[in-house]
Amino acid sequence: MAKTVNIKVNHVTRVEGHGNIRLRASDGKVEHVEWQVPEAPRFFEAMVRERSFEDIQTIVSRICGICSVTHSMAAIKGIEDAMGIKASEQTDKLRILCHYGEQIESHILHVGYLVAPDLLGQKSVIPLVKSHPEVVKTIIRLHRLGNTWMEIIGGRMTHPVTLKPGGFTVLPTEEKLRVLKSMIEDAIPDLKTLAEVVLSLADKLPDFDRDTEYIALTGPDYYTFYHGDIASTDTDEKVPIHEFERVANEYVVPQSTAKWCKWHRDSYAVGALARFNLNAERLLPMAAETAKKFGLKKGACNPYLNNVAQIVECVQVAEHGLQLIDELLTNGLKPEPVKVEPRAGEGVGCVEAPRGILFHRYAFDEKGLCTKANICIPTGQNHGNIQKDFEALAPQIIDRDQDEIRLLLEMLVRSYDPCISCSTHYLNVEFV
Amino acid sequence: MKPVLIICLGNPLMRDEGIGIRLASELMEHLADNPDVEVMDMGTGGLSVIHAIEGREKIIFVDCAIMGQPPGSMKRFTPERVRSNKVRMRYSLHEGDLLNTLELSRHLGQCPDDIVIFGIEPKEIAHVQGLTSELENNIPKYVQTILKELDRT
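Those sequence lines, one after another, are chains A and B. Mapping of the first sequence onto this note's numbering: residues 1 to 432, in sequence order. Mapping of the second sequence onto this note's numbering: residues 1001 to 1153, in sequence order.
The set of hints was computed from the structure by calculation and includes no laboratory data. Keep in mind the model is a prediction, meaning the values are calculated, not measured. Keep in mind that a hint or two might mislead.
Claimed, not checked - Derived lysine to any residue pairs resembling SDA-like cross-links, with alpha carbons at most 25 Å apart:
id	chain 1	residue 1	chain 2	residue 2
1	A	LYS259	B	ALA1126
2	A	LYS176	B	ARG1056
3	B	LYS1075	B	ARG1056
4	A	LYS86	A	GLU430
5	A	LYS181	A	LYS259
6	A	LYS137	B	GLN1110
7	A	LYS130	B	THR1101
8	A	LYS259	A	LYS292
9	B	LYS1058	A	LYS181
All chains should be modelled from the sequences, with the hints used to inform the complete structure.
Written out as C-alpha cells, the structure reads:
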C-alpha cells in the first residue's frame, strides 16, 4: 500500500537528555528515519578534575541513580590501576556480588516496567496492576531483592558508600550474607515465573534480524561483568581494557549531535545480548536452561532479544551470586585494611553496566589529584547502532499502521535500555 | 522500622538539584537520636522509593521542584495537590518521576496515607557542584520548617 507517513516523537527536558524519533515516508518509501540524541554528558569528567582520588567514587556514583555501583566500580578499578593496587580476592568477590544486585535491579526494572507493558498491550506499568496483578507483584518483589542486595553489600539502596579504592570501608556481616543468600534462594521461583511470563509473550517481540557487531567483556572462566578483555563477535582478537579507545572509536555524523562509536563496522551494540553472544558457553546451568527455553542462541542478532538476554542474566547473577556467598562464607570474611598511597599515573577501569560495557580512564599527579578523566558510557556506544537498526527496520514495516510503526520504533529504542537524562530527578509541577 | 521517614532526593552534581541531598545531611545530624524518625538520602534512586515507604506511617519528601515560584521558595504540598508537567516517553528507566512512583505504590496498596512533599524552587540546574546562594542562605530556614512538620505527627 503506497502511503505517506510522518512520525515525530519529541522528548525534551530542560537540562539534558532527549531522544527524538523522526520518520518521513511518501509513496510507501522511507525518505528519512532518524534517532536523534544529544552528546553524552561530558560534564562529569570536568567535575572530577583536580579532585583527590579519594573523592572520585563519591562523585561518579551520582552520575546515574541506576548504574551507581557500576560507575563506582569502574572508577575504583581505574584508580587502583593508576596507583598500582591489586584488589584482594575477597574484595573482588564482594564487588562482583554488589554489582549483581545492581544488574538484577536494573534488568527487572527494565523488563518489568518498560518492556512488559509493551508486551501486554498497555501504556505503562500502572494499568498492569489491575490487569496482571501477580505479574506486577512478582516484579516488585524481584526489584526489592535487588535493592536489599545492594544495601547489604554497598551500604545503602542507591549510590553505594562502602566501595573504595583498595577494598571496603565496611564489610557486610556473615549474618547479613546468610540473609542475602536465603533471599536469593527464595527469589528463584519468582525469576522462573517472570521468565515463563515473558516466554508466553515472546511472539510479541518483533521478528527483526540485522547482522550486528557485538562488543562485551569476556573472561576465560566465567560469565564476566568485571574481569577480562574486550571482545567482538567480528574477530577473535581480545583487546586489553587499557586500549579501549582502539575499540570505541568515536566519530561525528552529520545527522546526529551525538558522536557514534565504531570498531569493525559503522556501529556496534553493547548490553545483555552482546554479553550473551560473547559468553553464553560460560552461563551456569539454570541460566543456560533459561536461554534454551527461549531458544536464545549465540549469534542472535534481533535487538529486541536484548530483553530476553536480560532475563537470562538475572538468573545467571542469582546463581553465581549464591556461589560467591558460599565461597565467602566458607573462607570467612576477614578485615583487609588497605592504605592507598597516591602516586602519579594513569589507569583504566572497565565493567559491564546493565546496559553495556563502560570505560573510565583517569590520570593523577603525584599528590593523587585527578588531571584527566574520560568516561565512555554504553548508551553512547549504542546510539549509532540504534540508527542502523532504524534504517533497516523502517522499510520492512512502512506498510503498517502509523501508530504501529511508531510503537515498533519506540520498542526498539527501549530494547537497548538506554540511559537518557539519568542525572536529574527534580519535580516539575503545577498546583491544581 | 521507624514510623516516620524523611526521603531526600536529588543530585549534588547538578547545582540546586542537589538541595535535597544537602538537607539530608543536615537533617541526619538533627535527628540522629530520634527513635521515631529516619532520614534517607535516596539520590536519584527513582523506583526504590516504593520499597522505602512501604509500611511507614508518615513520609516526608524533600526535593528540588520547579513550581513557578521565586528561586529559593519552599512549598509544602501533598501529592494530590499537584499535577506533573513532565513528559515521559518510557524510553529509559532514567526518567523517573516521584509522583508517578507514588501513583504506582498507591495502586499496589502499599502507599502510606500521610505523605507530605517539601519542594524547593531552584535558581539554576546545571552541571555544577554546590548550591546557588539563594538556596544556600536558606538552609537553616528549610531545616526548621521540616523539623516543625514532625510536630504535626
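Status of the hints after comparison with the structure:
{"no.": "1", "hint": "LYS259(A) / ALA1126(B)", "verdict": "22 Å, holds"}
{"no.": "2", "hint": "LYS176(A) / ARG1056(B)", "verdict": "23 Å, holds"}
{"no.": "3", "hint": "LYS1075(B) / ARG1056(B)", "verdict": "23 Å, holds"}
{"no.": "4", "hint": "LYS86(A) / GLU430(A)", "verdict": "52 Å, violated"}
{"no.": "5", "hint": "LYS181(A) / LYS259(A)", "verdict": "43 Å, violated"}
{"no.": "6", "hint": "LYS137(A) / GLN1110(B)", "verdict": "11 Å, holds"}
{"no.": "7", "hint": "LYS130(A) / THR1101(B)", "verdict": "16 Å, holds"}
{"no.": "8", "hint": "LYS259(A) / LYS292(A)", "verdict": "37 Å, violated"}
{"no.": "9", "hint": "LYS1058(B) / LYS181(A)", "verdict": "31 Å, violated"}
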